[in-house]
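With these hints in hand, go ahead and build the complete structure from the sequences.
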Amino acid sequence: MKSSTHAAISVTVALIFALTVAIALIKLGFAGPWVTQNINLANMFLTGVPVPHSCCFSASPEVVTSVIWDERGIDTFYETSVLFLAIIGTLYVLAGTFKARPTPEGMTLIVRVISKLVAPIIIVVSLSVALHGHLTPGGGFQGGAIFAVAPVLLLAGWGSSKLLSLGFERDTLLSLRVTGVLLIALTGIGTLIIGLLKGVNAYVFLNQPKPQAPIGYLGWISTPWGNIVLGGTLILLNIFEFLAVAAGFTLAILAVDSSGGGKE
Amino acid sequence: MIHIPLLIGSIGSTAALIAAILAMFEKDLLKAIVLSGIESIFTAFLLVVLLAPDLLIAYVAVGLGINSVILIYALLRGERYEE
Amino acid sequence: MVSLAELNYVLPAAISIFTLAMVIYTYRVMKGPTVPDMVLALDALTVDLIVLFMLITLYYGTPYLAIGAIPLSAWVFILDIFVAKYLLEAKKK
Amino acid sequence: MIDQILFWFGVALLFMGGVLDVIASVGMNRFRNFYLRLHAATIGSIGGGVYPLVGVAILVLGLDVPSTFKYYITGSALISALIVVLTSPAGSHILAKAAHKSREVLPKPAIVDRLKEKEVNEE
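Chains as they are written, first to last, in this note's numbering: chain A, 5 to 268; chain B, 114 to 196; chain C, 2 to 94; chain D, 1480 to 1602.
Check the hints yourself; a few may be wrong.
Think about it this way: if two alpha-carbon atoms lie no more than 25 Å apart in a straight line, the pair counts; the simulated BS3-like pairs of lysine-lysine are [stated by the list, open to error]: (1) B:144 to D:1580; (2) A:202 to B:140; (3) B:140 to C:32; (4) C:32 to A:202; (5) D:1595 to D:1580; (6) D:1576 to A:120; (7) A:202 to A:166; (8) D:1576 to B:144; (9) D:1595 to B:140; (10) C:32 to D:1587; (11) C:32 to D:1549.
Just some of the chain A residues that point at chain B, by a computed CB distance under 7 Å [stated by the list, open to error]: (12) 13; (13) 24; (14) 25; (15) 67; (16) 68; (17) 96; (18) 104; (19) 145; (20) 146; (21) 149; (22) 260.
Worth flagging that the hints you see were computed from the coordinates, not collected in a lab. Note that the structure is a prediction, hence the values are computed from the model and not measured. Backbone N, C-alpha and C fix where the C-beta goes; we use that ideal spot for every residue, glycine too.
Right, dumping it as structure tokens:
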């Protein structure tokens, strides 16, 4: 790198730093008066989601999850399909079947034991993130992304033979992935089919009954101790997305490991 | 009154910018992978400051985890030092 | 019960201490002459940032930011292991 | 009363961790060698990470906020502290081993290097 480019980059970085500090100091960002001026669409969702009988009620206190899986359900479904096709392409290019590599020599006993200890904790955390996706931030994709830590840890510490012996086979993972995507589509179409049979209005990815379309999934279960919030389709979609994403990340890492790394 | 998280966020985002520029000019590719990981961590910090925990979890998994792991596997096949 | 007003005295001081540590770590992370130096400093930096996450959670008063700390700490361990794996396996070729 | 004790105990842990973290970050810059910086990294991750996380977990329990919020933050902080206390020493260990074995970092001012002698003898 020449010294002139060095100086130019330094000046640019310093300018951007000064600009960001200035923005932080004079509170021009979201902390200023702009915070109350959301766009109309955002206002509609933010005020409408927790209110029953409104245009976009979804029986869930979490606005983000209800927006991405209820009002923007088709978008999210196509994003899941894009990831699905990417994994299929990776498998097609890289690996026919997964090779069972022996335990890598360099890894010591300490790393192996720690990876074995941490993996169950990570799996429990990922399950909680995915199953509470309609109550707290998180959801299917986030839970699946946290779940992927456990196979990668076991892969690094113990080699792919351990993972294959634990049941992370290629066909099992692929069928889990296909099942996840298929069940998401079926859950989305479910209301449409019921609406066609009953002869009333219905939409794809319809979660709760709307004024125009009186069909919906179970929002909560009433028990003597209080309501258990299910969020209609949200909990189902989160579970299926969790299956699909967790299996997909594991498949990608296993395919890259069995074809790429290591000595030939 | 100073908005403290936004101020720290400006420091973190500048560090992310510096890490990205250094990764661009780095000849040692393993170092470049680690530098891109640093960039991901500071961007994740910026996401916390901007109150987006959903994006944070997905971004950390993809930008810091899967990206680095797959690039290191790719680097095991190839040459470590660029011309 | 301790009221939230007590937190206003504690949090700015704690946040500034950890930010100072973050800046000093960042210098070593960028400079680090070798790769293990950088990854080691990255480890410590990440732990520092996790504490900052928790403090910012308390500052904003919304608990939901706290969950982001767990995947961050787990994925950084994986970066450690894979850099070590690269160093160990690339030597043999 | 118990809330006051919990809150100020948590604050004490938090500030102790902060001081240890600054010490570790200065040490990370002052030490000359990778193998010396391992000491600073240990202080930075255990002293500067686990103590403040446990401190935050305890501090929140005494605060005047709804109990679901409290337990959410406490659980997240304790689990991340558990993961850090398990993984950080293992990461430093495998990194040091890889750096020594691959000759990436040489222990420069070393009088005697038994590990290298052992490796040479085995080969």
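These are the hints, each one checked on the structure:
With a C-alpha separation of about 19 Å, the suggested pair residue 144 (chain B) and residue 1580 (chain D) falls inside the 25 Å cut-off, and the hint holds. A distance of roughly 66 Å separates the Cα atoms of residue 202 (chain A) and residue 140 (chain B); the hinted pair therefore is violated under the 25 Å criterion. Among the hinted pairs, residue 140 (chain B) with residue 32 (chain C) is consistent with the structure: their alpha-carbon atoms are about 14 Å apart, no more than 25 Å. Our distance criterion of 25 Å between C-alpha atoms is broken by residue 32 (chain C) and residue 202 (chain A), whose separation comes to about 68 Å.
The straight-line distance between the Cα atoms of residue 1595 (chain D) and residue 1580 (chain D) is roughly 8 Å, inside the 25 Å bound, and the hint therefore holds. Between residue 1576 (chain D) and residue 120 (chain A), the direct Cα distance comes to roughly 20 Å. Compliance with the 25 Å bound is thereby established for this hinted pair. Note on residue 202 (chain A) and residue 166 (chain A): the hinted pairing is violated, with a Cα-Cα distance of about 52 Å set against a maximum of 25 Å. With a CA separation close to 18 Å, the supplied pair residue 1576 (chain D) and residue 144 (chain B) stays within the 25 Å bound.
For the suggested pair residue 1595 (chain D) and residue 140 (chain B), the alpha carbons sit about 29 Å apart, so the restraint of at most 25 Å is broken. Among the hinted pairs, residue 32 (chain C) with residue 1587 (chain D) is consistent with the structure: their alpha-carbon atoms are about 19 Å apart, no more than 25 Å. The suggested pairing of residue 32 (chain C) with residue 1549 (chain D) is violated, with an alpha-carbon distance near 40 Å, which exceeds 25 Å. With 7 Å as the threshold, the beta carbon of residue 13 (chain A) comes within range of chain B, its nearest partner Cβ sitting at about 6 Å, so the hint holds.
The criterion of a C-beta within 7 Å of any C-beta in chain B is met by residue 24 (chain A), whose closest approach is roughly 4 Å, and the hint holds. Annotation: residue 25 (chain A) was flagged as interfacial toward chain B, and the flag holds, the nearest CB pair being 5 Å apart, inside 7 Å. Restraint check, residue 67 (chain A) versus chain B: the minimum CB separation of about 11 Å is more than 7 Å; hint violated. Annotation: residue 68 (chain A) was flagged as interfacial toward chain B, and the flag holds, the nearest CB pair being 6 Å apart, inside 7 Å.
Given hint, residue 96 (chain A) at the interface with chain B, is violated; its Cβ is 17 Å from that chain's nearest Cβ, farther than 7 Å. Nearest Cβ of chain B to the Cβ of residue 104 (chain A): about 17 Å, over the 7 Å cut. The hint is violated. A distance limit of 7 Å between C-beta atoms decides the matter here; for residue 145 (chain A) the minimum to chain B is near 6 Å, and the interface restraint holds. Of the supplied interface hints, the one on residue 146 (chain A) holds, with its beta-carbon coming within about 4 Å of a beta-carbon of chain B, less than 7 Å.
Look at residue 149 (chain A): its Cβ gets to within about 3 Å of chain B, closer than 7 Å, so that hint holds up. At a threshold of 7 Å, the smallest CB-CB gap from residue 260 (chain A) to chain B is about 5 Å, leaving the interface hint in force.
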